[in-house]
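A.B. asks: Model the full structure from these sequences, guided by the hints.
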Amino acid sequence: MTIPSSTPLLALKGISKQYGHVQALSGVDFQINRNEIVGLLGDNGAGKSTLVRIMSGVEFPDSGQVFRDGQPATIKSRKDSEKLGIETIYQDSALVGSASIMRNFFAGRELTKGLGILDTHKMNAIVMDILVNMVRISGINSPDILVEALSGGQRQAVAIARAVYFKTAMLLLDEPTSALSVRETAKLLEHLAELKREGVSAVFITHNLYHAYESCDRFTILSRGQVIGSLAKAETSVRELNDLIVKY
Amino acid sequence: MKKTSRREALASMIAGSAALVAASAMPAGTALAEEEKVNVTFIIYTAAGDPFWNPVIQGAQEAAKDRGVSVDIQYADSDPVKQNNLIETAIANKVQGIALVNWLPDAFTANIAKARAAGIAVITFDTDDPKPNATESQAYVGQDFFAAGQRIARKMVEAGSLKKGDHVVAPVEDPDAFYGTERYRGIKAALDEAGITSERLDASPTMATALTRISQYLVGRPDTKAVIGLGSVVTEVGPQAAAEANVTPVIGGFDLSPGIIDSILAGKMVATVDSGAYYEGYMPIVMLYYFVKYGVPPSSIPIGGTVIDKSNAELVKKWAGTYR
Amino acid sequence: MRQPIVNICLFFFVLQVICIVASLLYPNDFRYVSETNIGLLLRAIPVLGIISLGVGVLMITGEYDLSVGSVYTLAGYSIALLFGMGLPVWLAVIATLAIAIAIGVTNGLITVKFAIPSFIATMGAMLVVRGVVRWLSEGRTVSFKPDETFSGLLTGAFYGIEAPFIWFIGLALLTGLLVHKSKLGNHFYLVGGHEKTAIAVGINSHRVKVIAFALASLAAAIAGILSITRVGTATPAQGIGLELKAIAVCVIGGLFLSGGRGTVLGIVVGACLMYMVEDVLLLLRAPGFYLDVFVGAILVVAVILNTWLTRKAGK
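Protein chains in written order, with this note's numbering: chain L, 1 to 248; chain S, 249 to 572; chain E, 573 to 887.
One thing to keep in mind: the hints can contain errors.
[As the list claims (entries may be wrong)] BS3-like, lysine-lysine: derived pairs with alpha carbons at most 25 Å apart:
1. E:K717 / S:K516
2. S:K516 / S:K436
3. S:K342 / S:K362
4. L:K167 / E:K755
5. E:K768 / L:K167
6. E:K717 / S:K565
7. S:K285 / S:K313
8. S:K558 / E:K717
9. L:K113 / E:K755
10. L:K122 / E:K753
11. E:K755 / L:K83
Everything labelled a hint here was simulated from the structure, so no lab data went into it.
C.D. replies: Following this line, the structure appears as structure tokens:
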């Protein structure tokens with residue numbers, strides 16, 4: 001079956017979510033196309049994180065529909081979103097600090113030799129291969145290093161490497177640069193570009209319009225739970241985006 | 249020494265009151281059955297169901313039947329507040345006598361005084377405030393822990409032919425337990441007299457742990473000539489501890505349990521001390537009755553403290569749970 | 573995080589060497605290397621050791637179980653009463669272990685479903701189970717005298733090594749396999765390390781925790797059965813305080829109270845150290861009545877030393 005390349009990878013239509021009396025999202029339409037990095041922008045409390053949590057299956061919308069490659073789909077759990085090829089990297093909780101790189105890399109998707117016994121040897125080899133040959137992070141020479149011993153940038157790299165290995169179709173990055181140094185941020189943006197070449201689409205949630213402008217192809221702007229604009233990079237500028245966010 | 253003479257005086261008083269009981273028992277009992285009964289509240293300090301109290305309750309009920317007493321048995325659930333409430337309720341109900349366990353020094357002093365002021369007779373049993381005349385209760389019926397300690401210590405010295413310079417260990421379940429402190433004081437007094445050294449060991453109430461600790465102690469001090477358990481758990485594991493440490497001290501202790509009696513019958517343990525539970529229930533009821541009816545003053549009775557060894561253990565086994 | 577375990581093993585090893593040398597130098601004053609003492613240690617360590625294995629697994633997932641001391645006691649009564657009712661001994665064992673697992677699962681479900689601290693949930697279980705023991709026992713001790721085959725299997729000796737210790741090592745190896753080499757074990761660490769992340773990668777943290785609670789209860793019951801088979805009697809007051817001792821063993825062994833870290837080897841060494849301290853103190857004739865003072869002080873020193881060495885190694 002062939003799917004026309006114009007069909008969005010993931011499309012959300014009319015998504016609403018209410019917490020008590022707070023309308024977090026109302027009738028939001030959002031889409032991710034093939035080979036595209038979407039910037040999801042908006043001020044604090046605009047509903048960005050809620051949208052991400054709905055796409056990753058941690059929360060469930062009150063109403064609205066989800067389409068994967070034009071086919072209706074449901075995301076009710078993390079397992080569902082994983083099946084649709086969605087991977088989320090949260091700002092602070094992508095990895096478990098007290099566990100090793102390898103154990104994080106395969107967290108929840110461990111390879112076993114049967115009977116639930118881990119195939120440590122094989123997993124170690126895969127991790128080193130990906131880290132050295134694909135993501136090219138410097139300073140990591142063993143899969144047994146604990147994640148808490150890594151820098152913020154190295155951690156993001158591990159999380160991205162994991163997405164690459166597990167053939168993720170869409171990567172949701174929730175404020176990935178908030179804890180990173182300037183150099184690490186540059187490196188992360190490089191990784192994003194690389195991911196795109198590997199055929200992975202991404203949603204980039206950030207406060208920093210410059211980072212977004214540099215790396216994204218399209219921007220969706222949220223304000224108070226509603227979409228107030230969706231612009232391609234060619235049609236807009238950092239200044240215009242800024243004005244849009246501030247004005248609403 | 250002074251203590252002994254006082255106890256002798258007490259003993260003669262008991263003999264006196266026992267004679268009185270014997271003299272007046274039957275006719276008075278039957279005559280009074282038709283009259284108004286004496287009301288007594290009998291307060292056991294733990295929750296209901298502890299089998300230790302079975303002979304105590306049997307004693308209290310048999311005394312009540314013999315004398316024509318209406319006895320109301322209450323349980324304080326090891327809670328001093330509840331026990332005080334029970335005493336106050338008894339005062340409010342205008343009972344004529346209260347029997348209670350004074351298990352927590354100072355906790356019941358005020359209410360005992362209040363009861364006495366209201367004209368109610370009060371007798372303590374099982375455990376009493378260790379300070380002499382600390383409360384206004386008229387008498388105490390229970391083991392004299394100190395004397396019982398002396399008695400078992402002397403028995404062990406004799407059975408193990410202990411001599412000056414020997415060493416004895418006294419394990420206990422809980423270092424804070426009042427019974428342990430007092431019993432050990434008695435043991436130490438008797439052993440010091442004979443020039444024998446002694447030491448307490450905190451062995452814990454967990455049998456496996458107690459077993460290990462006593463064994464380790466015996467490995468560390470293989471010259472220990474006797475083990476005297478201060479409570480039932482440590483007494484029960486004594487013989488096995490010695491066997492595991494590969495030493496052969498004489499073993500004894502306190503309380504009656506099936507395991508302890510079996511060890512004595514099997515010759516693995518020299519002796520244990522009976523707590524005299526039946527009389528803890530019987531005597532207070534009898535004395536309250538005679539005080540209320542005829543004003544005969546109640547007097548303290550150091551019951552229990554009988555040494556149980558191979559010669560009389562069989563009888564204990566026979567009456568366990570009713571009279572023992 | 574290999575450092576704490578290296579330190580504690582080193583500490584243990586040095587202590588052993590000192591004790592053995594001292595014992596060889598003064599064989600009459602310090603009987604550490606006597607057959608009797610070694611036999612005693614090998615029989616004493618397994619009870620607390622096995623409980624600690626279960627408590628340790630649970631601690632790795634970031635939870636506690638304060639009810640293990642009560643479950644330990646209940647297991648003794650359960651097997652003795654069931655056996656006394658005429659059940660074959662192996663059936664009594666199975667039923668006892670099943671009861672323990674049910675208690676553990678209940679603890680786990682209450683903790684995760686109502687999202688309350690396990691400290692409170694299991695403190696409730698500790699009191700309830702202790703109360704059930706009182707009700708079952710009516711305050712009475714109970715004796716358990718199974719046939720020779722059964723007691724030999726649990727408390728005898730094979731090739732001169734005490735059976736309880738063999739059971740302990742066997743169970744430790746099994747726990748090691750589960751915790752360090754299995755998929756479920758990896759989930760224990762991830763859930764204990766950062767539960768939100770574990771959920772985000774699709775791990776069912778509730779299920780993982782409930783399993784860990786069940787294992788903690790199961791281990792306590794195994795220890796209870798082992799202990800009543802050895803002593804032959806159970807009392808209702810036994811086992812009080814074991815829950816905290818087991819947590820202490822785990823902390824000495826390098827597990828973190830916050831979860832996510834630690835090794836099974838650490839638990840084993842921690843249990844050995846705990847008993848060694850008591851043993852050495854008694855062999856050195858420390859005042860037995862105040863033993864807890866010394867044991868407590870040495871425990872704190874051991875943990876301080878371990879933490880300090882770990883920090884130093886981390887720099």
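A.B. asks: So, for every hint listed, does it hold in this structure?
C.D. replies: Each hint tested on the structure:
1. E:K717 / S:K516: Roughly 18 Å between the alpha carbons, so the hint for K717 (chain E) and K516 (chain S) holds.
2. S:K516 / S:K436: 23 Å, holds
3. S:K342 / S:K362: 12 Å, holds
4. L:K167 / E:K755: 21 Å, holds
5. E:K768 / L:K167: Since the Cα atoms of K768 (chain E) and K167 (chain L) sit roughly 23 Å apart, the hinted pair holds (cutoff 25 Å).
6. E:K717 / S:K565: Judged against 25 Å, a Cα distance of about 19 Å means the pair holds.
7. S:K285 / S:K313: 11 Å, holds
8. S:K558 / E:K717: At roughly 23 Å apart (the allowed maximum being 25 Å), K717 (chain E) and K558 (chain S) satisfy the hint.
9. L:K113 / E:K755: OK: K113 (chain L) and K755 (chain E) at ~10 Å, within 25 Å.
10. L:K122 / E:K753: 13 Å, holds
11. E:K755 / L:K83: 20 Å, holds
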